[in-house]
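*Asks:* Given next are the chains, with one letter for each unit.
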Amino acid sequence: MIEILISLFVLSGSLLSLIGSIGIIRLPDVYTRMHAATKSATLGVVLLILGTFTYFLAEGIFSLQLLITIVFVFLTAPVAAMIISRSAHRNGVELWSHTKHDELMESYPKHLEPERNTEKSDNP
Amino acid sequence: MFETVLLIGLVIFSFSLLLCVWRALKGPTLWDRVVALDSFGLNLIGFIGILMIRQSTSAYAEVVLVLGILAFVGSVSLAKFLERGVVIDRDSH
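Read top to bottom, the protein sequences are chains R and H. Everything in the first sequence is counted per our numbering, starting at 1 for the first residue and increasing by one. Everything in the second sequence is counted per our numbering, starting at 1001 for the first residue and increasing by one.
Keep in mind the hints are simulated off the structure, nothing from the lab. This structure is a prediction, so every number in the text was calculated from the model and none was measured. We put the beta carbon where it would ideally sit given N, CA and C, even for glycine. Mixed in with the good hints, there may be bad ones.
One side of the interface only, derived from the structure: several residues of chain R facing chain H at Cβ under 10 Å [what the hints assert, rightly or not]: (1) R33; (2) I84; (3) S85.
Turn these sequences into a full structure, and let the hints steer you where they fit.
*Replies:* If you want it as structure tokens, here you go:
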């Protein structure tokens, strides 16, 4: 009975991580790739570690490290994504051509606006 | 049955790791590579989690925790370095 629960956790977690990685490959620019990588990969990993924790709990081992890992991943993955995407935006990485609205650009002071040109592909 | 599910999970995770490596090698900008490496770290945590169930040992629990911490610290410091050229900046904006 407990094995069915663990199998459900493992399968849903790995499928969510696969969806995140397919999003990293398929989506057009850095910001949308960040969205795919952060949301679904984080939920997938949290579900899978929860399955591992359930397995060891059923065997009689209470593993505190796995609980700390769940909390840590849940707290820090969005923070890392926010810092990476802000860094990319400040260095003038191009948005996708179909993007409608850039709210972060309006919050810069005039002299600090990042310049956007297309040659700035691989070196900051 | 349970073994088969774990094996399917391992195969799915290795395919997902492969996709992350491809984006990290290919990515047009440096930030794409940082995103791909961050996601690679997260997927590696899941991979080791399945491995823990499969081998029925809790010896890798510290490995999982340290990998989580290293993925976070690595991506944050890399992003800060690419932003200004320093890791800890003293400017307020």
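*Asks:* Next, verify each hint and record whether it holds.
*Replies:* Each hint tested on the structure:
no.: 1; hint: R33; verdict: holds (6 Å)
no.: 2; hint: I84; verdict: holds (4 Å)
no.: 3; hint: S85; verdict: holds (8 Å)
Hint check: no violations occur; every hint is consistent with the structure.
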